[in-house]
Amino acid sequence: DVKVTQSSRYLVKRTGEKVFLECVQDMDHENMFWYRQDPGLGLRLIYFSYDVKMKEKGDIPEGYSVSREKKERFSLILESASTNQTSMYLCASKGDPRLNYGYTFGSGTRLTVV
Amino acid sequence: GQNIDQPTEMTATEGAIVQINCTYQTSGFNGLFWYQQHAGEAPTFLSYNVLDGLEEKGRFSSFLSRSKGYSYLLLKELQMKDSASYLCAVRNNAGNMLTFGGGTRLMVKP
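Chains as they are written, first to last, in my numbering: chain A, 10 to 123; chain B, 4 to 113.
Please note that a few of the clues may not be correct.
Not everything, but these chain B residues come out facing chain A in the computed CB check (under 10 Å) [unchecked claim]: (1) Thr11; (2) Gly34; (3) Gly43; (4) Ala45; (5) Thr47; (6) Phe48; (7) Leu81; (8) Arg94; (9) Gly98; (10) Asn99; (11) Met100; (12) Leu101.
I should point out that these hints are in silico values taken from the structure, not numbers from a laboratory.
Predicted model, so just to flag it, every value in this text is computed and none were measured.
Note that CB positions come from ideal geometry on N, CA and C, so glycine has one too.
Using the sequences and the accompanying hints, generate a full structural model.
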């Protein structure tokens, strides 16, 4: 089975801290995505990447950056965390034919910024 | 633009049948997905439709009408463990991205 692993389930950070959220997939997929999920707003795309060193802005990239130095790893960076970035963050990888090339999601990171 | 609409919440009784609707208006279409998400967990793949009609998979079925921009997820013989959010998502023409609806939170009561 495809595995998408997010390094932390829960994180608590202080306002102004630099925060790294890590995501690793083990199926050599080219496409990876970062979403945030908030009640009433659904899943919103922050950034995505089609290949190593490639990145594209999604719908809500402000306050975030990403890094894709290796194919299997896609990192989301909060340069200076703010309380409005408290959310559930979901990483996804695309490319499993058994899922009709839909997404496989990681287990999510619930980030609280205080 | 992309617009995908689902009801926010639904309630149903154990053993019953429930239908969750999804309407979409998107600039491109290359398939529609349904995901299930239990509270605090990641979404997991349930079904996929790209042609009009009904796809059945055990207790779950999904229907698509491309001309109407409409899909539904049908859950039969509801169980308590079916209490979850159900996400409708449309894939773009290039086939490389999904846009999600806001999700429908289903509560199954005894």
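We went through each hint and held it up to the structure:
Interface restraint check: Thr11(B) against chain A, minimum CB-CB distance 8 Å, threshold 10 Å, status holds. At its closest, the beta carbon of Gly34(B) sits 7 Å from a beta carbon of chain A; the interface hint therefore holds under the 10 Å criterion. The restraint placing Gly43(B) at the interface with chain A holds, with a minimum CB-CB distance near 8 Å, inside the 10 Å limit. The restraint placing Ala45(B) at the interface with chain A holds, with a minimum CB-CB distance near 4 Å, inside the 10 Å limit.
Restraint check, Thr47(B) versus chain A: the minimum CB separation of about 7 Å is within 10 Å; hint holds. At a threshold of 10 Å, the smallest CB-CB gap from Phe48(B) to chain A is about 5 Å, leaving the interface hint in force. Interface restraint check for Leu81(B): the shortest CB-CB distance to chain A comes to about 23 Å, outside 10 Å, so the restraint is violated. Hint status for Arg94(B) relative to chain A: holds, with the closest Cβ pair at about 7 Å, below 10 Å.
Annotation: interface hint on Gly98(B) holds; nearest CB of chain A at approximately 7 Å, less than 10 Å. For Asn99(B), the interface hint holds, the least distance from its beta-carbon to any beta-carbon of chain A being 6 Å, beneath 10 Å. The restraint placing Met100(B) at the interface with chain A holds, with a minimum CB-CB distance near 7 Å, inside the 10 Å limit. For Leu101(B), the suggested interface contact is upheld, since its CB lies about 6 Å from the closest CB of chain A, less than 10 Å.
In the structure shown, a violation is registered for the earlier hint numbered 7 alone.
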